[in-house]
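2 protein chains.
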Amino acid sequence: MSVTFKDVKADLLDQIARGVMRPGSLLPNEVDLAESYGCARATVNRAMRELAEEGIVERKRKAGTRVRMTPIRQARFSIPIVREEIEALGAEYRYALLDREMQEVPDWLRGRLELTAGQQVLHLVCMHYASGMPYQHEDRWINPEVVPSVTEADFSATGPNEWLVAQLPFSNAEIAFSAVGADRDLADHLGCSTGDALFRAERTTWLRGKAITLVRLTYRRGHRMTTQY
Amino acid sequence: MSVTFKDVKADLLDQIARGVMRPGSLLPNEVDLAESYGCARATVNRAMRELAEEGIVERKRKAGTRVRMTPIRQARFSIPIVREEIEALGAEYRYALLDREMQEVPDWLRGRLELTAGQQVLHLVCMHYASGMPYQHEDRWINPEVVPSVTEADFSATGPNEWLVAQLPFSNAEIAFSAVGADRDLADHLGCSTGDALFRAERTTWLRGKAITLVRLTYRRGHRMTTQY
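Chains as they are written, first to last, in this note's numbering: chain A, 48 to 276; chain L, 48 to 276.
Honestly, I wouldn't trust all of these hints.
Which copy is meant is left open, so a pair is good if it fits within one copy or across any two.
[Said to hold, decoys possible] Straight-line C-alpha distance at most 25 angstroms; calculated SDA-like pairs for lysine to any residue:
#1 K56 to G137
#2 K107 to M272
#3 K53 to R96
#4 K107 to R65
#5 K56 to A89
#6 K56 to A122
#7 K53 to T274
#8 K109 to S196
#9 K56 to A213
Please keep in mind that the hints were generated in silico from the structure rather than gathered at the bench.
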């Protein structure tokens, strides 16, 4: 069996975890490591690159590679389409469009999306259900300047997230997680009490510098968004 | 100027964004791409690997590389030490230990950390302030079986997160974000009203299969955890 970059990475992690390699200490150079693992230098290089990307080690061109004093850990969250999220739970997905209206961009949104006063935006309000239970409330604004065909889409059968992904497969996004108290409207739709603490993800999406959409996804009471790293 | 993997990646992303390459469509093979970009095949390969890791394309050994029908987008969150998080805001960091007690592991925690009944755990309650304002409430349990020196640490000056990172630079973690209503105690410490919606991160950390710590970090009212992707 040949030594893979995963083997090298796992062994280095193990040495760091056991304290054999202390925070701040210098790692042997790649040539020496390749020799001691009996593998190609490229294999060691790939392991090092992943450890650097994961914030475990720090590489400097002339000073070599060190174990980070305080590792910068990153948690990654998959951002699935809500239908896939619900189906992955083994539940039956149902979607309902509550409201669809073209309107003048409200003041608070204008600055967020860098639009001009008087510009028309599409406002959508939807609900997503898991086996008949409220799962997620979606409050979305779409900029028709970037996605002109949105003015003809009626969203009665397909949710706007799925529709947008099919139109624009790639975009940049900013996401913010927070907690909000349920107002009367959210409480009614999500089947909880007014004032209950609800988890919210707010996402703004951009395509080459132009805002596509801002969406507020508010989850049913008790929702936890989890990941491992 | 030679063509880098970043150039290749940016160009492929741009073609996907502009719809030149549609979801589900097959990309040219690496040899042909390398020729058209005037770069080494390894350069194309690195660009493809990153696009695959980011969920933009899907690589299959014999079927080639396709643009994903529904990209799996991943958001990455840096998990900093709270002192660094507060200092990055330009605020002055202050730490206070509210409680420190060795006790028998409570039932609810035993299952979570896979401990045995009667085992001793260290329970810590701390507050972190940003320029004198409450920022984060920390409720933490540490397993002394994995970190024996914890029984001698008094945590009066240094927060347990910083202390643990220095002891165990690397570990696996599971993190869950959620919303909680402030109980009387949290409201007192975080300077809000009982029932206010608060953002919480709960993290369990493991070292080679053994639980190190479970911590509940509850943030002041209105906190948003943001990232770009």
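Intra- versus inter-subunit Cα pairing at 25 angstroms for K56 with A122
both (19 angstroms within a copy, 23 angstroms between copies)
If the cutoff is 25 angstroms on CA atoms, where do K56 and G137 land: within, between, both or neither? Let me know, please.
Classified as neither; 35 angstroms inside a copy, 36 angstroms across copies.
K109 and S196: within-copy, between-copy, both or neither at 25 angstroms Cα:
neither (53 angstroms within a copy, 36 angstroms between copies)
If the cut is 25 angstroms between Cα atoms, do K53 and R96 qualify within a copy, between copies, both or neither?
Answer is both; intra-copy 12 angstroms and inter-copy 15 angstroms each pass.
Given a CA cutoff of 25 angstroms, do K107 and R65 count as a within-copy pair, a between-copy pair, both, or neither?
Close inside one copy (24 angstroms), not across copies (37 angstroms); limit 25 angstroms.
When no copy is specified for K107 and M272, does a C-alpha distance of 25 angstroms or less occur within a copy, between copies, both, or neither?
neither (35 angstroms within a copy, 30 angstroms between copies)
Is it within, between, both, or neither for K56 and A89, if the alpha carbons may be no more than 25 angstroms apart?
both (13 angstroms within a copy, 21 angstroms between copies)
Given a CA cutoff of 25 angstroms, do K53 and T274 count as a within-copy pair, a between-copy pair, both, or neither?
within (21 angstroms within a copy, 28 angstroms between copies)
Checking K56 and A213: alpha-carbon separation at most 25 angstroms within a copy, between copies, both or neither?
between (37 angstroms within a copy, 21 angstroms between copies)
Violation of the numbered hints given earlier is confined to hints 1, 2 and 8; the remaining hints are satisfied by the structure.
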